[in-house]
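Q: So the sequence lines, in the order shown, correspond to chains A and B. Heads up: the first sequence is residues 297 to 621, going by the working numbering. Heads up: the second sequence is residues 42 to 330, going by the working numbering.
Hint data in this document are derived by calculation from the structure and do not stem from the laboratory. A quick note: this is a predicted structure, and the numbers were derived from the prediction, not measured. Take the hints with a grain of salt, since some may be wrong.
Facing chain A, a subset of chain B residues (Cβ under 10 Å, in silico) [unchecked claim]:
no.: 1; residue: Thr76
no.: 2; residue: Pro97
no.: 3; residue: Leu99
no.: 4; residue: Val110
no.: 5; residue: Leu123
no.: 6; residue: Ser135
no.: 7; residue: Leu136
no.: 8; residue: Arg204
no.: 9; residue: Phe267
no.: 10; residue: Val275
no.: 11; residue: Ala305
no.: 12; residue: Ile307
no.: 13; residue: Met311
no.: 14; residue: Leu322
DSS-like mimics (lysine-lysine), calculated; alpha carbons at most 27 Å apart, straight line [claimed, not checked]:
no.: 15; chain 1: A; residue 1: Lys620; chain 2: B; residue 2: Lys129
no.: 16; chain 1: B; residue 1: Lys129; chain 2: A; residue 2: Lys618
no.: 17; chain 1: A; residue 1: Lys505; chain 2: B; residue 2: Lys129
With the Cβ distance kept under 7 Å, some of the chain A side facing chain B (calculated, not the full set) [said to hold, decoys possible]:
no.: 18; residue: Pro409
no.: 19; residue: Ile410
no.: 20; residue: Tyr418
no.: 21; residue: Met421
no.: 22; residue: Arg436
no.: 23; residue: Gly554
no.: 24; residue: Thr589
no.: 25; residue: Asn591
no.: 26; residue: Val604
Glycine included, C-beta positions come from ideal geometry on N, C-alpha and C.
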Amino acid sequence: MPPAVPVVSAGGWGKSRLGTVVLAVLLLSAPAWLPYVGGYNDIASRVLIYALAAMGLNLLLGFTGGLSFGHAAYFGLGSYGVGLMLKYATHSVPLALLCGTLLGGVVATVLAPIAVRRRGIYFAMITIAIGQLFYFVAIRWQAVTGGYDGLTGFSRHAISVLPGVSWTLGSLGLYYLVLLCFGLGAAVLWMVLNSPIGHTFVAIRENQKRLTFLGVRVQRYAAVSFAISGFIVALAGGLNALLDNFTSPNSLNYTLSGDLVVIAVLGGMRNFWGPFVGAAIFVLVRDYASTVTDNWMSVIGLIFILSVLFFPLGIMGFLQRKGKQ
Amino acid sequence: MNLVLVFNLFNGLITGAFYALLALGLALILGLNNTINFAQGAFMALAAYFAYTLAPYLGFWGALFVAPVLAGVLGLAVEMVLIRRLYKRDPLYSLLLTFGLAMIMQDAIRTIWGATGVPLAIPSALGHPLSQTYFFLTGYRLFVVAVALVGTAVLFGVLRFTRLGIRIRAGNADLETVSALGVNIYLLRTANFVIGIVFAGVAGILAAGQLGLDPTMGDGLLMPAFVAIVVGGVGSLLGSLLGGLLIGVASGVTTAYFPAASEAVIYLIMGVMLVVRPRGLMGQEGLLE
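Here chain B stands alone, though its shape is the one from the complex:
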């Protein structure tokens, strides 16, 4: 195996871990709130801009914790004021609502922080390459993977072991029964939405450290997350994780041989998956249809 391939394979894994992180928040909200949250990308961008503003006061680490929470608070308001009204209707309506919301949020970001891109300063400890031989291995990239791993582990831990998590999973499987058992499903869905947004916020800040900030940054982040979910299978968080890794690696390896197709390839993979196995890697048959 030549070095270029190893480099791109590794790069792909890192990208994949990041895609998985993007997909998890989206998949959570899709599963329980029955909403394709088009504003997810805008929430990512917003959290990143919050971090950009807060970093001079709190430092990068403080901003990394506080900014997603602020985005989560906004998510809370959005869910309680707008999205909640649409649960009884066709998912079309919440999709359109979040789509419109994304436009407004993008305009707001442009108005507040300006249309031109700005960089997000990352701690200098993470900025240096770890090794001269393996030039691709910067500390920041490993840090992104570490956060993705820890975030995922925490999420799965919460879903597996806490009361809230168990209710979220139960609600995913059969919301009516959960409601009949006396769980306040409105509260449950609100909590779930906020968790999804906080996840998006963390991912947005990590992306900003790598790529910088600009008002439309959410657009580019949202689509791979979609594909990750379709490839992994709607309704399965583990599937979204695997889907994210798979398209990350595919995109990385393609970059080695045919860079122009590095974006298109993930859509091709999705197409092949839909032909061969329409429900995705780990999706359940007939879910959300």
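Next up, chain A with everything else stripped away, as it sits in the complex:
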């Protein structure tokens, strides 16, 4: 299948180092300036969590060319992993985050080789259906997961940094924990994309057939991309459980997968920071719309339709193209 949209050069994000520094300063200082623009810490955390998830998904979607519509499964597994650990096993937030990330990531790694056996539209259907399996398990396995009502009864305990010094996870403390994880996740993705394996991912997206003829084991690389993106998305899911002190089957449902895909597409899936931009717009619009109208789902639906019809390159792609003209 030929690429649907013009290719933004694979090295394009390397030039925007200044932009990255500006972004880092803005994010680090966010709690200081957010109240003046009508924001608050928790919504900034939510933006970062969705951005991390969408960037993780985008490694597969935008850079490897695999349309997964089931990544909510790994997001939700990360959430349930964190929730269950904090509820039953430990008071340590870092340990719980590690376990949640491992749960989602390992499941993604195990399922990846099965999913990548098909490509294109078929791959999308398979990933949705695999994802729904976990949704139904969460609903039916009531004793452990709380069923439809979701998992409650866990809370974020302070992290002890040094003896006597601890990191309190109020909304400010949590924001910086989320920012730290976001930074780590983004750094991993950046390094992966700039390494030889990252170039192989982009090559798979551009011309899978040619790579196969060159002797590259395309399925194996696609599975690796799937696995890495699963780990990142699971980390984001774990953070989301911390933010809400709650997790529900909705965190596993395919509607969330759709949200993540449209966040990446809306922001620009060929651009490293595209999903971040998409997440900011998506989360803010959803937050605002749900306060003014009961029909806020229509607003989200409209974002889907408009972004598909008018921003096939995403907002970052659109801006980049404008910049070049």
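Dock chain B against chain A, hints included.
A: Just chain B now, with coordinates in the frame of chain A:
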């Protein structure tokens, strides 16, 4: 064999026939329009609500015929205004578009008919159990199977014997050549989309008679149809049919022994199928990739 197993096996076959009906419309649209129509579930729900509104005036039978047509007309508009623009692009875009459309349609249903569920009255002739011994055999369930059978037969008849059907099948195999031979493929795809939606509409009304109506009813109907298509093999309508029956029976039999897994089992079957035979029961190698 004990009675419980027979009961659930039979039940599974009925469910399977219904899944097959859901899958056929979706598979038609997937094949020729190259679109995973996420709004299929919303169209099912919408047709069911149309039937709910029309039934007091036209009766159940009248509504069963008119409501799917109305949904089809809406499908026509959607295809011509929105989906048509995306055929030249990656299927990702039409998938996202129909996904967004489904959200809007669900909100619209909620706004017009309310968020709480309502029942769809079925003719009293179909409501009674046919037999006291075999308590599961209500007339309505047999009626659902009959409609599924007739609908499928009509669809296959149309595809086999009419000019439109032959063109649809040809378009499935090689759209470019069909276009080069002078067939208006835009018109063909529109017609195909509408047929798929009408099918979905009939299935939605049948489901509503059994389960009642609520704005999110489409969600629960869409996923089994997906699995049926993957298990049966993308690109094969007969495969979708078999896939639907297979997962229906599997789900029914599981209900007998381990009810909590009745939904999960169909996804497990799909997983096993993907490992053993990735193209599905009757799918062609390399299609739609």
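Q: What hints, given by number in increasing order, does this structure fail?
A: Violated hints (numbers, rising): 2, 3, 4, 8, 14, 18, 24; every other hint is consistent with the structure.
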